[in-house]
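Those protein sequences? They're chains A and B, same order as listed.
Heads up, the first sequence is in the numbering used here, so the first residue is 1 and it goes up one at a time.
Heads up, the second sequence is in the numbering used here, so the first residue is 1 and it goes up one at a time.
Derived by calculation from the structure, the hints in this document are not laboratory data.
All values reported here derive from a predicted model rather than from experimental measurement.
Below, a list of computed lysine to any residue pairs in the SDA-like style, where the Cα atoms sit at most 20 Å apart: (1) B/322 <-> B/275; (2) A/236 <-> B/326; (3) B/157 <-> B/67; (4) A/144 <-> B/306; (5) B/373 <-> B/417; (6) B/157 <-> B/80; (7) B/374 <-> A/220; (8) B/185 <-> B/202; (9) B/364 <-> A/222; (10) A/221 <-> B/364; (11) A/229 <-> B/396.
Incomplete in silico selection of chain A near chain B, CB under 8 Å: (12) 222; (13) 224; (14) 234; (15) 240.
Note that the Cβ used here is the ideal one computed from N, Cα and C, for glycine as well.
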Amino acid sequence: MNLLSPSIVPRTQISSYVNFLVPLIAIILTLLTGSLIFSLLGFNPIHSLYTFFISPISSLYGFSELLVKATPLALIAIGLSYCFKNNIYNIGAEGQLIMGAIFGGGVAIYFYNVEGFWLLPLMLLAGVIGGSLWALIPALLKTKFNTNEILTSLMLVYVATFILDYLVVGPWKDPSGFSYPKSRPFNESARMPELFDGLRVHFGLIITLFLVFISWFIFSKTIFGFQLKVSGLSIKAARFAGFNQNKLIISAFIICGGFAGLAGLGEVSGPIGLLYRDISPNYGFTAIIVAFLGRLHPVGIIFSSLIIALTYLGAEDAQVFLQIPSAVGFIFQGLVLFYLLGAELLVNYKIQFGKIS
Amino acid sequence: MNELILDIQNISKSFPSVKANNKVTFGVQKNTVHAILGENGAGKSTFVKILYGLIKQDEGKIIYKNNELKISSPSEARKVGIGMIFQHFSLFESLTVRENLMLGIDEYVSYKKLEIKIENLIQKYKLALDLDAPVISLSSGQKQKVEIVRVLLQNPKILVMDEPTSVLSPQEVKNLFITLNALVKNETTILYITHKLEEVITICNSVTIMRDGKVIETSSIGSNTSKTLATKMLGRNLEQITKDFSAVKDSVNFEVNNLSCKFNDPFFTDLNNISLKVHKGEILGIAGVAGNGQSELMEILSGENLYIESGKIIFNKKRIEKLNPQQRRNLSISFVPEDRLGHSAVPELSLVENTLLSRFYNNKFTKNGLIQKKFLDDHTESIINLFNVKCLDTNSNASSLSGGNLQKYVIGREILSKPELLIISHPTWGIDAGAENFIRQSLIKLSKLGTSIIVISQDLDELIQISHKLSIIYNGTLSKSFNTDSIDIEKVGMLMGGGK
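Next comes chain B alone, as it looks inside the complex (with noise of 0.2 Å):
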């Protein structure tokens, strides 16, 4: 057991702005699950792009198997048995899970050695997975499975899945870490790249904790905790998230009533009678698996989508399903979409072009149709002071932003409009824990003077933090809403996979 399958040695490597890896070194056992813990930005990815051979390193070497690793493209590195899951799955979506997988062969092999080939494996690690279905119908757990198999094909000795869970639902992460301990029993050795701490204790058996492009530690689990492997992945203690259940006031300010969308088209996901209702002050959590209709329903709520089949949306009393998000906005209602890059926020423009991009209710930005540059830069530079943006100037390009930061920025700007309701999507999405913690933070301060928000997540940790109230968007349908202080997370679990 304690043969040594990598032995990273000094690895190092250094892009324009940044030494992304430090010398790196540790070592992985053979047949083990190795987690790789860190923080956005900690070097985690730079290092497996290295290890899978999509880019070199500037120093340092791997000894695999006791040789030096010496590849230079990922398909010298699967065929030396080095397999590789993304978090983006790479799939193609129109076609059946068969042909996706005998997309996935580097090698000429019979269709019929093929084909027991993953017959084979899907019984051996019960991998239950209809090979006819088109991929576009199979479920984020299924299709994490469908990458399982394809990687398996090629008889990997080492398996690296980065952040495997980040889409997954609390049972399909249970039947992913049951097919992990079987890989481990059958000789394969996994190398799982993770920020989420509690994943490491239940399913690792030693970590290796990275920051700023180095190594702080690398140790068995034993005794640690999620408490103490915080501290050394941030470096620091995270201040203590609480909300306050006695700010939520009675009256409602915000409701949906039985909304119905059918869009007619595979890649979206109807929306059959949603309703919610939303207090004064309080926090409603909308959880789910991804591509359940929480992107349908945020362009419904924001007013970039109009077409509503029948339903009302109702604030303050007065309908607003017909208005798009700049009316929406005049009404004191603000919007933060998923992605930061191309949606909340343009990229090639400036962060003083971006603030332009939400003219709030009652701004000076514009007059007559002519922009007012000088309220314009205030508003940015208290965007940035207030929300600890670190960037050159207003002037920075969004692009020249960290996620993290870019983030920030968005909320910030949008907060900032002290609106009476904000409807916010995936708030802390692919960002590290500080700013993550600052966001959640800032968003139970605003609910404490008296916003409405509406936050919905992937991340079920961060929803039972900081909303009052939870429902489950399945399939496009909304399950009634839980308080959080008394919630049943077995059921939450439930509701997220379809059940009743």
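Pulled out of the complex, with its shape left as it was, chain A reads as follows (with noise of 0.2 Å):
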């Protein structure tokens, strides 16, 4: 009767090769999956692949919104890698992005009659500080209080994406714009700069470029880095080398939350240009898929953001092309997630039948 009962069992050795394995066996088993969805939807599971995975990057165009979509999830996946290395479940990073957006963007539309090379990065200032602001929230509470991190920030978001609504329904609301709810357009300096003549692809990308080059710096060459690592490898041992665990959460969130904020103020002063309800197509929350895609490794974090950000457009070609809805896209980013953690539990365990040993 031992026989046919399953037991999870830690494998012995593991190999090295396994941070590539992992996210490339989560990718085919996506893939596979998903031909599997469109031919029972009845459709030819290659060319749905095609037009969702490789068409839309066919064209120089399509290849620069693959960069302007993944430079906001590749942005706040490295400030959330900050969060989880040290094992802090900081959900809210949506939130975040909208608190950004909501100060830099209010900065533009205080200047809106006024034009200066100084505009800009006051309002970088301004959304790093606001989503900033918003992370520390649930960090002091989970200092101070002990609360679940998880709850507070999640619940933020919708706090933040509330007075988003407020604003540009009320105080903010566009004076010629017909009630649409939505801001003034922002002025001409108070945009990003294209990177490219004709392509949306912005100056955010250098930026996140940079960051994600810090931090690398950061998570191998300092003590605060390796502080991050000890207190999410074994919390005692963090105590024994006299880390200061409340500080490091509030780094760690305020961090995360300055780079979420600054994707959302690149958000609305790139390719977007207002304020408006919808900013921001669940950023915040796919980014955790792209941290943990990218096993936290800035590096991994820039392929997986390309990955992801392409089914952001495969989506959007496959509603056009194959009248699929585009929540399909949201169908690969859960499976990429669902299999990721599957093949992560098949690397570091085995399932035995019968005897334990």
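Join the two chains into one complex using the hints; note that each chain is given alone, in its own frame.
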């Protein structure tokens, strides 16, 4: 009877190429499942996958769009990895993104009739501050009252959404906008410069790459990065070493919030150019998948942000050319995360039938 | 009497990196206490796990009561009459003794019958137990009694005990031996797994000595002494340990005055009015049975727990009770907590990274927040060389080292920081005799250089061997200190058990 009861036992030896293997397996399985879903819906799976994953980036404009989408994803994901490395589950990057957009966008709206080279830097600063302040709330709740940060950070997303809603239908409504729930368009010096004429990829990409590099440096070369890593692996060892847990929690939240806020500001001052209700297609949540798919490593996050950005583009193309609802994009994101967690488990553990040894 | 209950024939078992059992062959006579003696890693546990159905041997067979033993799980082992008591108790702390006993039963029996059976066992073996007491309120000795009754409920013919005395006070050990003798009289065979030589001489009838997965010898105790057993167990002679009382200076450099902590938590032991003094170059031992406040005291002394109700901690005339571990390290105090994996070292990190966990006074490991890889590598290299740490290289993960080697690394890391005060908890817990000897020698050497050392340990022999003074902790209260050259073991045993 024991023969049929499976048990999960840890593997004794884990190969070092696992770091590449796990995301790869997850992506392959996602594609296989995806083609199964397409054929069940009555579409040619090869053609559908082509429409979904290849055709969106077969033009220069398409590739630029990929970078436009990957920029906020990578920026938020790298911020999240400060938290996740330390086992802090900040789920509220979406709210921090919105707050960054509100603070930075607010500056642009306040100076709507003033041009100047100083405006954009001021907005960037305001965006960072907005996101950081919003992230500081769950950080302080956690350090002072030991509140679960998953709940508080998530709930604050909805608060941020409603604040944005209120602003764009209330005080910040565009006076000449025919009552549409949106703000005035930002003026020219409040916009992120585009990197190439005619393509939407903007200066935010350069900022993101710079911050990814800085984060790699912090994670691998500084005592702060080491402290984050040790606290994530073993709280007791971190206490033995004398690392200040509260300081680490607060710093990780502030950095993460700052990055998310910057990503939000990048969206409203880049491709969008004004404030309105739906400034983010859940970038803050999707970035969680990006962070884990990239295994919390800066280089991994660059790749995973490109892959996940592709699911956004693919979903749009699938809707236009195949009349498949764009929600398919979210299905793919969900599948990637699902298989990622599954592959991770199977790499570290094996399933055994019968006896436990 | 000469009938074999177990006849073990050529049992072999390999793991990816090691041959844990290599043609293990010996016999166990019915109704005796049979010891399996060996260092950690000698293959004792592997053999016991095979016998208990936890793992399967690669080859060989076990003849049990004249039939080949074929079991594939512990519950089958229990069914045929093999019971096991592990070193770490598996009891539900928040349930009562009675509930714990009821939960351990494999078959269906009525509550009433079981109750009678429990009462009978307790009477028969004089295992004084309060059935309604919650397990958390029991001492280790009493918890072990619960484990014994739980196993006896299944009428075992063979009772396997893995290091049963490791958490007991000397008095409790005596009581255990009385119980074991009674069990043998009532037709139970006991397989006694240990690395403590004295116990083998005292309680066992015969002994199987294992080393490197092989059986070295099986014989009756007869004329064996602990010295002859040690030589066979280790395959070599150990260096004699001698301490030097003349090295202790007159000046006190560490003092704790009337320290009290109340945790208001049944899982923690409150500390009451603890005072101690350590002179320069002195080793102070703190003895006691596990769970009497040792880990709480260790956390307070290291600064991992800064919650002190009242009292002072003074180091070199400076109050330090509010300083965190890193700040205390900056004053040249070093610590080695009990747990190697996940406390004094992080298993998933390399040795180099683990060196960075403990940044001692005047280290050059970081500069302006940046990690100085070169200094860190060199320092790790010297720890490995000076303390004989067997590992692949400085980038090996801590988890890849054996217990003894990791402990040598951790202690080496702290000793190389040249501390003025070293506070160390259970320095030789769960490691082989070679590493144990090496670590004790290193501590004595360090004290001769003028370092004050506090050793918290459950191993009374160890403390008497290395420390100049000894205090006993019981229920969060620390006794006055005794000189170890004129100590009365009976008295120490009494204090460990809560006597006056």
